[in-house]
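Number of protein chains: 2
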Amino acid sequence: MAVSLNRRGICDFVSDEELTKIEPQVSLVTKQLEKQLENTGWHNLPRDFDKDEMKEILEAAAEVRTKADVFVVIGVGGSYLGAKAAIEWLRSSFYNEKETPKIYFAGTGCSPSYLNEIVNLCKDKEVYINVISKSGTTLEPAIAFRVFKKLLEQRYGTEEAAKRIFVTTDKAKGLLLKMAKESHYRRFVVPEAVGGRYSVLTPVGLFPMAVAGIDIEKIIDGAKEAFFHLSKENFWENESMLYAAYRNCFNRKGKRIELLIGFDPDFRFFAEWFRQLFAESEGKDGKGVFPVAQIYSTDLHSIGQFVQESGSLMFETVLDVKDIQNDMFLAEEKEDIDSLNFLAGKSLSFINRKIFEGAVQAHIEAGVPNIILEIPRLCEHEYGYLTYFFEKACALSALTLGVNPFDQPGVEAYKSKMFNLLGK
Amino acid sequence: MAVSLNRRGICDFVSDEELTKIEPQVSLVTKQLEKQLENTGWHNLPRDFDKDEMKEILEAAAEVRTKADVFVVIGVGGSYLGAKAAIEWLRSSFYNEKETPKIYFAGTGCSPSYLNEIVNLCKDKEVYINVISKSGTTLEPAIAFRVFKKLLEQRYGTEEAAKRIFVTTDKAKGLLLKMAKESHYRRFVVPEAVGGRYSVLTPVGLFPMAVAGIDIEKIIDGAKEAFFHLSKENFWENESMLYAAYRNCFNRKGKRIELLIGFDPDFRFFAEWFRQLFAESEGKDGKGVFPVAQIYSTDLHSIGQFVQESGSLMFETVLDVKDIQNDMFLAEEKEDIDSLNFLAGKSLSFINRKIFEGAVQAHIEAGVPNIILEIPRLCEHEYGYLTYFFEKACALSALTLGVNPFDQPGVEAYKSKMFNLLGK
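Sequences listed follow chains A and B, in order.
Numbering-wise, the first sequence is residues 376 to 799 according to our numbering.
Numbering-wise, the second sequence is residues 376 to 799 according to our numbering.
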């Protein structure tokens, strides 16, 4: 079991009796979800991942890795967070300072200085781009694509530029597809039934990950394992059902904020991916648990005070990675001038684990429950598993809450006002 | 007025009558605060900033800028967030990819892979370090300092290493001071009465900022201007009092989450600095508004759905930077294949502003109030002003709430458990 839910930080807050009462609801929506997604969607995707498509992605990634100095990924929301998360957590948040090709994410907003920075970082570099949009009409990536398309065409000419542009879009329709066909860009497909925030295990996430040197076949293997594990009908043995149940129990008790906790700065964008997944799936019709990301121990020195003394609205979901690679050991010093020799010979991962244990104990005592999700180690396989786990748990959590996990009607509200203001 | 509070997104939620009722409380605590901090603390600091100290910081920074390839800043919480925030927002979040010396922040947590990464990035580089801790006993920076001290001593010998180590600590006491004296490290002082989260306008924040090429004299000038502006006794003309009043009004109406919004990815760590400031100052005794950071429009595509339809617990504080430097204009294309020619000739800052307006309108209609803080432009002067503004507003907000803005008793809870588990 690649993700295992440890209940020691929950049992004081949610009894087995309470779980027994919510179990039929969760089991019911699980059957509904599986039926709804039987032949389509992200649900079966890892099991049925097309071998030819995998080969195409790997070949394109190998080409970019050989030829590019800079790879610009253009997309917003679900079209960038999954890949960015994987690159930072599986490779490093220092990836661009030590690896090639450098990977920049553009079209994630409309800041001119940010876009100018990326344009400047492309100067005198061999540039390839991947524009990701189901429709091609989302404003921010469309603007960034216009900018980078022009940059490439001016630098390399139209024909050569076209060889450096990869498009990830719908198979059959949309503005971006039309552009790709007319200009003969190479294409990857976002499956029609897969919404942006559930698309990381499609070419949307996988192609940029592969360019970063991540073994995407292992990612899909892990997700496939999760698909089978999390298809178990027995509520008490199915971690995605249990997680959905606990979230709903806490929500019903008035705990409206979930802090997702990791113990490594490289975890930052995985948490952002998680935030979009849950906020956009659940936050509708006045309902939902608001997801917030924290890095410990860093944030124990900033928001820790609040959690400890004013955390009544909160529960924490803690990712506990068991086997830490790339560890470091504290050396003994002859003169113990900094009083740290009591830790000599200890590893930082050991110390980090004691911080984790101390925080869990202290927060539980303060009335903040801790859902501990144990992961054997951080590697491609487990990453794929964890991604699939959260996607399924999120859909189940939203359905148990009584909302549709797959729409986002509220996102249109500001957009229609904005387009009005822009005179469109 | 460098920070101006625009009420158009609040007036539907908090009436002038309501403000009139809270005004005496805010005015009272303002007098208390000013009396308490009359001769000490961060309050008068910008006005009385020591010229000799400024000169020392600038000279040390000039030396590091000339000689170092890599500058490692060691500190956690308030000892790093202010400098990191300024470097990203005033220079760039891509700073390390284009500038020298590269600046890495270590000791911000206990992740071994993160610390290993920084050690590896120091390979074959000229390294200088600045360790920042009032006591020297905070675990994470103490560990990082032991690692980097050894690295420098092994590479350069003890004597030369000592020339490359700058210590920012208490003037009269503590373990780090003792180490600094014994090894003849150069020193900067954290004023005794200034707590970590209020220390950015001391050498704690200013020295790393100066190494990054930020004009810290202008930062102090801006803060000094804020000191005088925000000393106005008239509640209705004092933006720090008004902001503290509105936050408390919203809190009393059950709006327990504040989203701090910026429109540029470079804003990320300023928001983290803000989060520590407010969470650690207010989050005690079951009270407080929980601060969360958002970057728009990016996060409109992720948590925007939640704000729009389930934001009843929230209000937003939006930083509206008026004059955007480093702008970009969208070019017209002969063939309008991407349907963006309706924006040709428009700047990205213009489009970003329409996104801002659209989001404000949509969120207000959804019942989420918007406190709009207008800033003329982003530069050192305004940054110093804004920093001082938030420090003063935070202290006033906490005092109005009935808590001490300057302690953090809850932070000890997990620490004592952790030290127990570590066998100390």
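Hints in this document: simulated from the structure, not taken from any laboratory.
Possibly wrong hints are sitting among the right ones.
Identical chains blur together in the list; that is why a pair holds if it fits in one copy or across any two.
[Said to hold, decoys possible] Taking lysine to any residue and the SDA-like style, the derived pairs with C-alpha atoms no more than 25 Å apart in a straight line are:
| id | residue 1 | residue 2 |
| --- | --- | --- |
| 1 | Lys662 | Ser687 |
| 2 | Lys498 | Asn471 |
| 3 | Lys473 | Asn495 |
| 4 | Lys721 | Asn491 |
| 5 | Lys709 | Lys721 |
| 6 | Lys556 | Ser510 |
| 7 | Lys406 | Glu608 |
| 8 | Lys396 | Arg422 |
| 9 | Lys473 | Asn414 |
| 10 | Lys790 | Thr513 |
| 11 | Lys792 | Asn381 |
| 12 | Lys538 | Ser714 |
| 13 | Lys473 | Glu501 |
| 14 | Lys473 | Gln700 |
| 15 | Lys442 | Lys538 |
| 16 | Lys799 | Asn495 |
| 17 | Lys473 | Val494 |
| 18 | Lys410 | Glu534 |
| 19 | Lys442 | Asp702 |
| 20 | Lys500 | Ser468 |
| 21 | Lys790 | Ser714 |
| 22 | Lys473 | Gly549 |
| 23 | Lys430 | Lys442 |
| 24 | Lys498 | Phe469 |
| 25 | Lys442 | Asn471 |
| 26 | Lys799 | Asp711 |
Hint check, failures only: 8, 9, 16, 18, 19 and 22
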